[in-house]
Amino acid sequence: MTGTAFDSIPTDTNKYVYQMASPAPMSLEPHGHIPKPPLTFSTSLFRHISPTLFLQRHLLQNPPTRPNGRQPHQYRDFTLTTNSLSHAHGSAVVRTGDTAVVCGVRGEILELAPGDDPSRFETYHHSSTSAVHSYGSRGSGGASWGELITINVELSTGCSKKYPLGPPGTLAQALSDQLRELAVVSKLVNLSSLGIYNPEERHDPTVKPRGYWCLYIDVLCISLDGNLLDAAWYAIVAALVSAKLPKASWSQAEERIFCDGSSHHPILLRRSLPFVTTFAVVPICESTGMDAIRCSGNISTCIVLNDPDSYEEEEAIETLAVLSTVVCEDSDVDQINAPSMRTRVEKIEKTGGWNLEESQIIHCTHLAAAKTRDYDRVLLREGLDAVQI
Amino acid sequence: MPPPTPLSPPELSYLFTSLSLTPPIRPDLRSASQFRPLIAECSFLPHCNGSSRICMTEAGECIVGIKAEVEKDATSKYATIIEREKWIEVSVEVAGGGASGPGSGVGVGGISGAGGASGRDEGDGGAAVWLKEGLLACGGDGWSILDRLVISKGWHWKLYIDVLLLTPTSHPSPLLLSTAVNMALDSTYLPKLTSPHDVDDIPAFSDDWAISVPLYEPTTFPRPPISLPVVAIGDNVFLDPSVAEVATAEVGLVVTLALSDADGSCDIVGVRGMEVGRAGGKEGDRKGINRKLLRKMVTTCVNEASEVIKTLGETTHKQMFRA
Amino acid sequence: MAAKAPDRRRNNPPSHGTNPPVFLSTSLPSSTIKPEQASRPPNEIRKIFLRTGLVSSVTGSSFLEIAPLKLSVSVLGPRPLPRTSTTPFAAQAILTTEVKFAPFASTVRRGYLRDSSERDLGSRLYQSLVGAIRRELYPKSRIEVVVTILDSEDEGDEVNTVYMEEGKAAFEPTFRDAGRAERALGVVLAGCITAASAALADAGIEMYDLVSGGVSTVLVDQFDGKGKGKEGDSEKRLYVRDPAIAPPEGKKPLATCVLGYMAARDEISELWILGKLGTKNGTAEMEELVDEAIAAARSSRGVLNEAAKERVQFIVDKAQSTTQTDDTEMTG
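Chains as they are written, first to last, in this note's numbering: chain A, 5 to 393; chain B, 807 to 1129; chain C, 282 to 613.
Please keep in mind that the hints were generated in silico from the structure rather than gathered at the bench.
Remember, it's a predicted structure, so these values are computed and weren't measured experimentally.
Treat the hints with care, since some could be wrong.
[Said to hold, decoys possible] The following residues of chain C were derived to be distant from chain B, with all beta-carbon distances above 10 Å: (1) 293; (2) 327; (3) 412; (4) 543; (5) 548; (6) 564.
[As the list claims (entries may be wrong)] Straight-line alpha carbon distances no greater than 27 Å define the calculated DSS-like cross-link-like pairs of lysine-lysine that follow: (7) A:165 x C:599; (8) C:561 x B:1102; (9) C:421 x A:165; (10) A:165 x A:191; (11) B:892 x C:599; (12) A:166 x A:354.
[Said to hold, decoys possible] Only some residues are given here: those of chain C computed to face chain A with a beta carbon under 10 Å: (13) 300; (14) 337; (15) 375; (16) 379; (17) 429; (18) 434; (19) 488; (20) 529; (21) 531; (22) 533.
The beta carbon of each residue, even a glycine, is placed where N, CA and C say it ideally should be.
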């Protein structure tokens, strides 16, 4: 039993013909048989047998089209819903394609003991972040205590078959760290705005705060289909913008901090909000057939995919994340809709190999700028005016 | 997960058949509503405010110690509801020998023992939740055990209820646990306050235990609750099931009752499903309780409860007076 | 809350430890003091939004929304048990259930480790589903049900409020009844049961019957002062299906019943009653409460059936459309 088609039923997306078999095995057939058609597969089966080849064949089309039907530079549409949760002080739900994340911001009160130095809470600790990268604070000495902004990503929610239940694995830990670092680098929140004072002493600028709001930012992934970083960061920014903390003040009589639900404590964010755009780099081999799978040693060229889904992420050899922001010269809102809005790159993070060319990176920053403008626009459409400084 | 059982499928099948006969034949020849004999002792730990020790032949042994500590309210005068709920702390620990050692993350209880994926859990199992739930629920007309814990303005007792189980299985009988806690609570005395009630200074107490106040006044109601396990096989209902009977049973309930007045009538303060083995029967048998069976199971418990609670109370008081 | 050891796998707050905000009763806006009293009759349950198949990369999933309660259920499996030497032979599928509140899902922030009440919910969800699944059809495999609660109806900031009005040192007794937190958990559990059944159906796992959750509460008039009104109790009892956390004005909850109910078999797979029920008339009081909860479960069963039907229709439609394209391609 050889030579028969594995599966000749065409599926709905059967746009292309995939042939894998060379004529060689056919000649081994028993004599007297009519030569059978070459081994063909349905698209879904082909994808399972040889995912790398499947993706490459798609990208070699003219124009290059990804298996999900998008162009390489095209990102998935996203939707944003803010403040849909009743117990979080601020929340955002972001869906892009089949990736869905929920981010909740909750404030809790950190009371300072008389001897504490408040200044250590009001600065972002660059040194500790670089320490994470150089020798890994988790790996060597266990976790350390953090700062006023505590960001965590939870993936053990049954969001994907591939991600196991239980304590956070490598991916969740890496993402939590990455997001935390983004918050530190971009100085997203003005930390001194989180201070809680005794209202009677407030007029005195030299007085020290009695406590701080500590922001717990928890990102839950409900459904995972690639590019979690973009969605998670966008959800964090949107949740922070929409967050409303109750007014807190120190009560001298009770020696305790009490909250007042009728007014709000403002969280000051930076003026121009930064957004992340992630790209996946996929190798392309000009050679055809089975050789293409083995050609990873000498890749002739590579192609950049904007907003990869989880299948493309698995095939990627490099990833590139660009943190960019829309620059506002003045606070004129109409300006934001203007197409000539300037954007600025704040951070580029690249992991993986050495195949990406300089021109491609520059191209990526342009794509990131376009997405950043879109991010900003959607945030404005939600009617959210950040308390900016 | 159902309790692990050492019985083989043929043994379970045999048990299932004999327990579904009319009248049923229990492996230890008890009648359907008969309890196993138990040895009860209370106030035997001198450093505890209340203590008890219950021994049941097959089910093992349970020791409960209750300690009360004086604690300042978080706010200078009044506590929020959440803070008040922390005034009672229940912990259940299985000492050696059990299928799960302490801290292994597998729930203790026989009521809710399902251990989830490891590494995401903290503390001990469902038994602590269930015991505390019974205590807090067991109030009527606005009365709550928490009110008894208020000492004076800004001060309260913090009650630690520590349960130590010496059982061969990680799913001990709920009866063993609840009788032990019941007796310990009944024998708990708190020192008498000598400083005035409405002053928020550090309270002072009398060191004379003869005038100490009981946590549950012996003449007022409700009394501390007690939980009775009941399982059903076919149309037969069995009180105080043994490990083998739990493994065979189709459905099980734990009914928590408390004495509500001096006549000996009881109030139902809680009903919970109990994890049973569902072994020995055929596929496609009963998957849940229908209303008729529910009535039968709860009625059996109610009929037996008042006598059990009264006997237990009398034993406690006899021992208290002797002490 | 003094912090314990930092979690090695997560980002941690400052070592000082943090406390949830505490409110003063005088400062609460009136809206939070009086949660909305829905004008729905006591025998009607709230509107349920139930959708299946929203998570693409798992076998089955569902999303449920009842007023503020929002939860997402994923079903993983049936998949083979890990091949380790300690894995016992399983003639039936091994079911595991996990219920986890999002840290921001309730008034008090929950940690990432499952606390005892979450584990308790998980085991009761297990209890309600395990009988309904035809586990004997999936030997040597496991089925995981994971519930993530994003938002829940909770008591609101009032539980963390200090009442310190002038000359008045007492609590407002609104939420002080026994079993307040348990009633909140009960509504969550009922939602979990209904949504988990929908997700299991979405996963195509064979079941004897769908399990739907129902909650009911019995309330009596609140007696002012020490007036003992034991005699008149029975007439004034009010049974509410799918109760809100806040009891209606002037009423005091006596007991709450949560159950998982298989309507087609008329069987209760999980039962949880908490509160105070007299036994003067035998079990009549309890039975009335259970019947109300069953009625609530029947109502949510309707929604559950619709969700399951929608899914079946979707699959049938899809199958039909592919066979149609088949035909055209063959003729063409």
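For each hint, the structure was consulted:
no.	hint	in the structure
1	293	15 Å, holds
2	327	24 Å, holds
3	412	4 Å, violated
4	543	6 Å, violated
5	548	3 Å, violated
6	564	5 Å, violated
7	A:165 x C:599	23 Å, holds
8	C:561 x B:1102	16 Å, holds
9	C:421 x A:165	18 Å, holds
10	A:165 x A:191	35 Å, violated
11	B:892 x C:599	54 Å, violated
12	A:166 x A:354	24 Å, holds
13	300	5 Å, holds
14	337	4 Å, holds
15	375	14 Å, violated
16	379	7 Å, holds
17	429	4 Å, holds
18	434	8 Å, holds
19	488	19 Å, violated
20	529	20 Å, violated
21	531	25 Å, violated
22	533	25 Å, violated
Violated hints, listed in ascending order, are 3, 4, 5, 6, 10, 11, 15, 19, 20, 21, 22; each of the other numbered hints is respected by the structure.
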